Every structure is written in C-alpha cells, then in structure tokens.
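Novice: Residue strings, one per chain:
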Amino acid sequence: MTFEQRLAAIRASLEASRFDCVIALHDGAHFIEKPDPVMVLTGFKALGPVAAVFDRAGAASLVVTPSWDAERASETCPNAKIVPQDDVIVGLAKAIGSSDAAVGVAGLAATPYSTARRFVDLIPQAQRADAIVFKPAQRKTETELTHAREATRIAELGYRHLLDIARPGISEDELAAELRWHSKSLGAEDNFVLLCAAAHNRAVAPSNGRRMQPGDTIVCEITPSYRGQLAQICRTIVLGEASILLHRKYELVVTSMRAGFRAARPGATMADICRAMNAVLEAEGYAEFCHPPHIRRRGHGLGFGSIGPGDVALDNATALEPDMLFMIHPNQYLPETGYLLCGEPAIVTPHGAQALTRQQAALAEIAF
Amino acid sequence: MQTMHPTLLVGPGDWDPRQIPREEYDDRLATLWRNHDHAGGAIVYGNSRDHAALFYLTHFTPKLEAAIALIPSRGEPQMLIGGGPNMLPAARPLTFISTLAPLRDASKSVADWVRGLEAGSSLVLIGGDAMPFDLRRTFEDVLGTRLEDGDASLQVCMRRKSARELQILRESCLTLDAAIIAFRDAAHNNKSATDCILVAEYAALQRGAQDMRSLFSVDGGRTLRPFDIPISQRPEPLQAYLAVRHGGYWADAFVCIAAQDGELERKAAKTLRAMVAEAKAGLSGRQLYQIADASRGALRLHPLADQVFGSSIGLSLDERPLLTPDSDATLEPDAVYSLRAGLVDEAGAGAVVSAMVLVTDSGPQVLWPTDGCP
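Residue numbers (the working numbering), protein chains in the order written: chain A, 3 to 370; chain B, 375 to 748.
Simulated from the structure, these hints should not be mistaken for lab results. Among the clues, some could well be false.
[What the hints assert, rightly or not] In the DMTMM-like style, the derived pairs of lysine to aspartate or glutamate whose C-alpha atoms are separated by at most 25 Å in a straight line are: (1) K36(A) - E439(B); (2) K36(A) - D508(B); (3) K535(B) - D390(B).
[As the list claims (entries may be wrong)] Now the stretches of chain A that chain B is said to cover, found in silico as 3 or more residues with beta-carbon under 8 Å: (4) 26-34; (5) 62-71; (6) 106-115.
Everything numeric in this text was worked out from a predicted model, so none of it was measured. We treat Cβ as the ideally placed atom computed from N, Cα and C, and that holds for glycine.
Generate the whole structure from the sequences, applying the supplied hints.
Specialist: So, in structure tokens, the structure goes:
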C-alpha cells in the first residue's frame, strides 16, 4: 500500500460517512501509546500542536505550530496547503473559514483540554470520527514498512551496544540515556528505551537512579523511531552468569513467542495470538500469571502514526491482514525468575507473520 | 522554544533532598494554601510534556505516563502514577511523597479522596489545561463547581527562584556550557550539523543532564529544524538552539558559529547586550522589544526573535509570560529570563544569539554565557 492509496481509502471512508471533512488533531507530544491522526494524513511529525483538514475531494490543509516550522511541513507534505500559525485553533479557523459543514474529528479525546475546549467552541457540530482516519491505517504503507525495518536494524545495533556497556555500577538512567543517544547516532530521531534492572523484576518500568549490581537481570524495550516509524525489540540480560532455572524459564517465554508468531496469520485475530501464547504458559502451570496485574497484553501496534491493529490481547477481535505491523512479546512475570522480556516486531505477510529482526531474543549474559 | 518532545523521558530524575529538601516543598505548599485559603486540597496533573507545576510541588517527573498528585491542605499528599501497580517501585525514588497508588479510573480515585476533605471546601486544580479532553470533562462532571484554577497563582511563585533553585540553574548553565563547547569544537572541525548536535548531546549526558533538546539550521540561520536523520552538510554559518535540563531546571542558548566573517552574529550580540543591560525589574516586554528594534539598524529582526523574543525559564523552557512586542508583563526580581536577539540580512541569512539573565533588585546578572558576556 502506498501513502496515496491509504489517503484514497480514507477518502472513501469519508465519502461513505455523513461528514464533509475530517479534522485531525495532535498536540505534538509523541507517545508510543498515542496515535497521531495528523501523521497518518500528512506524514508530518510536528513540534507543537497541529491540525490537518481532509475533505471529500481529497484536499488537505495542515495547520502548523510554531509558524517557523512551516517550511519543514511544506517539504514533508508538498500537496497540502500549509497554514503557519502560533495558535493551532486560530490557524484552524483560518483554514476552514466560517462553515457549517458536517465535520468529523480524530484525536480529540487525547488533545489537551486547553486546545480541545477551544476546538469544540469553534466547531460545535464536530463529531468523533477517529475510525475514518485510523481504520485504513491499520496496514502500514510500503514506506512505513521500510522505515520499520531500518528502526529494527538500529534497535538490534542498540542492543549490541547495551551488551558492550552495561556493567555493575552504571545506573539505569545512564544506560537508558546512552542507548537513546546511540540510536540517534545511527539515524533514529527518538527511542522509547524502557529499561530497569533488579535481582527479581516485577515488571519493566522507566529507568531511575538505581545502580546495577552483579547478578541483576536487566529487562529492556529498545524502540527506535526512524522517520516517525517505531520498531521494538524486547530483551533480557543477566549481569553475570544466569542460573539453569533462568535459562529454562526464558526458553519457555521464547516458546510462547514462537507460538504467537505461528498463530499470526491473515484472518486470525489479535486475540488468537494472545491465546496461543497464553496456552504455552498455561500448560506449564502459569495460568494465574497470564492476567493482570502480571500481564495486560502480549504485544501492541507500533506508531507514531497509527497504532493499529492495537494490542495483542484477549479482547481484541481485529482480524489480521497483510502489512499489519505489531509487536509479539510474551513479556511474562514468573515467580521463580521475575519478569522476563522477549519480543520481536512482526509484519503479517500472506503466508504468516515475519519477524523483522535478524537475531531473535535469547537470554544474554554479560561477563565483567 | 518549541522542540521535538521525546517519547519517553529517560534521564536522571530521582529526588535528592540535598538539592531541594522537604522543607522547601513544605514552604511552597504553604504559599499555595495562602493563595487559596478556602481550599481543602489541590489536584495537580502532569504528563511527560507538561509537568512543571507537578515537579515544583512534588519533584516528580512523569517519565512514562501521566501522574496526579492529591494534596490536602492538612495531612499528607499522595500520588497516582500511570501504568499500573508494577510501576510504583520505579516511581518511588522520584518524589518525597511516600503514598503512591496506580492511576486507574482517575475520576473515581479523585472523588474518593475528595470525600475525605472538609465538606464544601473548594479544590485547586493545577495542570488541568494539559489534561486530555475526555479526562478533564470527567473531572468536571464529578467535581463540578468545587474546582478553582490554581495555575496562575502558582506560576507567579514558580517564576521567582529560590537560592537553591538558582544553584541548580547555575549547574544547568555549566552543563549547557559543556554541550556548547563540544558543539563549537565539532563545528570548527567541520563536522556535519547533526554530528555537532550529537557531540553536544553526549557532552551534556556525561555531565548528568536529565534531558537535552536541539534545533539547527541548514539554510544559513534562516529557519531551524529538529534532529531527524543524520545529514552530511556543514552549513555556514551553523546556527543552532541547544537546551539542557539538569536537576529539573532548563538552561538554553542560541549559538551561531561562522567559520569566517561573523558580522551578522556580532550585530545580533550587540543588540542582545543592549537588551541584557536594561533587563531590570519593572521593564515591560514592550520596552525590551523597543530596545531590540532600535538597535537593529537597517536589518530585519529574525522571526525567532521578533514576535517572541524570550520568556522566563526554569522548570519549563518557556514559562509564562512570553516576552512579546506588545506585552505589558514586566520583568520580576528573582526571576530568570532567556532573552534572544536575532537579525536577518538583505540576502536572507540569519543569526540568533541569546543569554540567560537573573533579574535582581540591584540589576541583571548574566547566568549564561557563564563568563557573563553575551
């Protein structure tokens, strides 16, 4: 699918709806869990609050804040009318004029109140229309998949760098910051490095100042973004020699992940993948650890634009289609070993899911 | 300045009572209650992008998901942390607040907490404008007219820096210095623009920076852009904006490095020196702008130093009020301002320079450049 074909699909959804146009809103705070409808419509990753107007004729306007960032927007979106402004709602008023058109809006729920309230005052007739933008974006474009492959390459290099530099005495914060910097030096513009270490991790959590100790298990999600497209790898590393028990349990989560990959075929649902992974763990007596608070999901979509097809979770009935991109990660807490991270980015092909990584998760040990 | 916001805040953020002890937070809260003497408590929201007020009152940086501090006017505060119960241990070192709970069903949690406060008392809402729209509306449904805005009065307090805050800001300026020295060295060694940014960022990290933001120009200083992908260009001159967060507090600078004649930069610096010299308590944004406008000669003011040419700086890069040509807001004693001056020549090339200035009763003190000479 090309970007133009996706826009055509969004336009078709718009024509089939009661709306004359759809307005996408985003505040410029790019978060792994927060989809960005403006990126979906324009490919533009904004610095500040931004809005895109997309009408039934396929015409797009992009309101850019701050105004001095307009040239970058023009380069990214040569076919859109760029409206430079320092206040996104003022710019939006200029872009749409005085209109009583039927307006759909995407991204309103996550928009900060100060902007959203003024949007509602400006266009009181607007109604939520997130699906018009995000449903056709559940499949990635060819360009997004190329970027995801590059982000994965950077993630794997980042992991090798972690193996080189992690040692007792370094703090979680220092290691995470170094990894983020390293991925930028390789071409990523950002990296969601969720990393922590302990003798017995209850979960993976944001880094803090704790200094690593011999025998710690490091769990990390390395998630570079290349040109706005995220890809992730989930890894587990022991500072020292891992016990036989830990090796055995890690093999169990790898087996669970492989079961997830086998289940991820076109037509299957995201819930099917989750069930397949759970089954491996349940067979080994870990049924109670297959639910909150130990586990919420077994994977997720990868933004920053669309985060479709959503979570690998029992309540996600989304059916898989070729070119969907998401994480498959069992990421399981086991009482004997603590939390274990194991996951790969997967693309759905007509023949099944394919991992983007060259080398898949295996328990690593760092000698020092 | 607007910069590209990272998806996760990964730098050091643990609370160190040697930097800001609990007593200083108690003083800040006492001021909050003096400003809102009928309030039974405060609800303070912060997310990874907008958390200056939350940090000011709790030292907590929401690195991953949003957090809400529930602070009674009498009794101990508690904090609701996004991300579920397993996130609590990692959050604990980031704040002095010892009662942490998961941020789930926020409106119900807050309503339960409010029931324990004095009946009929008002509730101070801080950071409410940054809340996601749906969450804020739910709050309003649950708490209705008891909510009163606490942002404006708190911003006044946050602008005036304590001695301890100034000490941290000076550390931030030293970290910024380290980044700029590395940037200049790389630029003089003809490294590409993005390589210069990367070495600057690395130098800041080595000094324990909590965060680092950057913008740079590929068109001779006319426009700025964020780090996207590495580029091989070494534009001439190399204009950049670098911002460093250290211990929660930001320091920022515009730097313009020319291999040859830096005449435009020298003229911009002259304008900046004129602004800094007059940066005294009581001077309005309008008056400061007139100084810049009067010293530009035949050159145009740079768009990045025209409609907004500075702001208070501290826990965020652009604390209110922004300094604008028609602003009647005045410089305040004990506040730190980032001031910038920029010019554009006939050919369209630009240069922007900046300084950080502490306004005192006895006049301006330059915090950055750290040698005191803008």
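Novice: Evaluate each hint against the coordinates.
Specialist: Evaluation of the provided hints:
Of the supplied pair hints, the one linking K36(A) and E439(B) holds, its CA atoms being roughly 11 Å apart against a limit of 25 Å. Of the supplied pair hints, the one linking K36(A) and D508(B) holds, its CA atoms being roughly 14 Å apart against a limit of 25 Å. Distance check on the hinted pair: K535(B) and D390(B) sit about 18 Å apart at the alpha-carbon level, within 25 Å; holds. Taking a C-beta to C-beta cut-off of 8 Å, the segment 26-34 of chain A contributes 6 residues in contact with chain B, enough for the three needed, and the coverage statement holds.
Given a C-beta distance limit of less than 8 Å, the hint that chain B covers the segment 62-71 of chain A holds, as 5 residues qualify and 3 suffice. Counting residues of the segment 106-115 of chain A whose beta carbon lies closer than 8 Å to any beta carbon of chain B gives 6, which meets the minimum of three for the stated coverage.
The structure agrees with every numbered hint stated previously.
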